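Novice: Sequence:
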Amino acid sequence: MMDITPSAIAQVILMGREMGRAEAELRPFIDRLGEQEQAELAAVFWVGRGSFEPEDFDEAVETAKAEATIPTADYLFGSPHFSDHLEAGAEAMGIDILNDEGDLL
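Our numbering numbers the first residue of the sequence shown as 36 and each following residue consecutively.
Don't read these hints as lab results, they were simulated from the structure. Please read these numbers as outputs of a predicted model, since none were measured by experiment. Heads up, some of the hints might be wrong.
Dumping the calculated SDA-like pairs for lysine to any residue here, alpha-carbon to alpha-carbon at most 20 Å [unchecked claim]: (1) 100 x 68; (2) 100 x 67; (3) 100 x 72; (4) 100 x 90; (5) 100 x 66; (6) 100 x 85; (7) 100 x 40; (8) 100 x 58; (9) 100 x 84; (10) 100 x 37; (11) 100 x 110; (12) 100 x 89.
Derived CB-CB ranges, DEER-like [as the list claims (entries may be wrong)]: (13) 41 x 91: 13 to 23 Å; (14) 42 x 116: 15 to 25 Å; (15) 59 x 36: 23 to 33 Å; (16) 64 x 131: 15 to 25 Å; (17) 60 x 116: 15 to 25 Å.
We put the beta carbon where it would ideally sit given N, CA and C, even for glycine.
Please work from the sequences and hints to get the whole structure.
Specialist: What follows is the structure, given as structure tokens:
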């Protein structure tokens, strides 16, 4: 069971697609997530990027906690395709964000 909700992941994806106008809102949104949620967000990103397999999610979360040296938002924003990776990671892990994305539109 994950601490981060599918709707939080969907919100980061949607706002990330609109970085030009949404960064000012997205950064504090990510910063307000708890440490576990931020680590899980990074782990979903890594699964989507292919750095970890879905079955290695717990290891990815522990790695995210151990290697966190900069704020999670800064780390994610450093990847120009972080929204795509988050969406791919959620899909690979069977997290249904489509309904949540539609609710946020």
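Novice: Hints first: check each against the structure and report whether it holds.
Specialist: Structure-based check of each hint:
no., hint, verdict
1, 100 x 68, "14 Å, holds"
2, 100 x 67, "16 Å, holds"
3, 100 x 72, "10 Å, holds"
4, 100 x 90, "18 Å, holds"
5, 100 x 66, "15 Å, holds"
6, 100 x 85, "18 Å, holds"
7, 100 x 40, "18 Å, holds"
8, 100 x 58, "23 Å, violated"
9, 100 x 84, "18 Å, holds"
10, 100 x 37, "15 Å, holds"
11, 100 x 110, "13 Å, holds"
12, 100 x 89, "17 Å, holds"
13, 41 x 91: 13 to 23 Å, "20 Å, holds"
14, 42 x 116: 15 to 25 Å, "22 Å, holds"
15, 59 x 36: 23 to 33 Å, "32 Å, holds"
16, 64 x 131: 15 to 25 Å, "20 Å, holds"
17, 60 x 116: 15 to 25 Å, "20 Å, holds"
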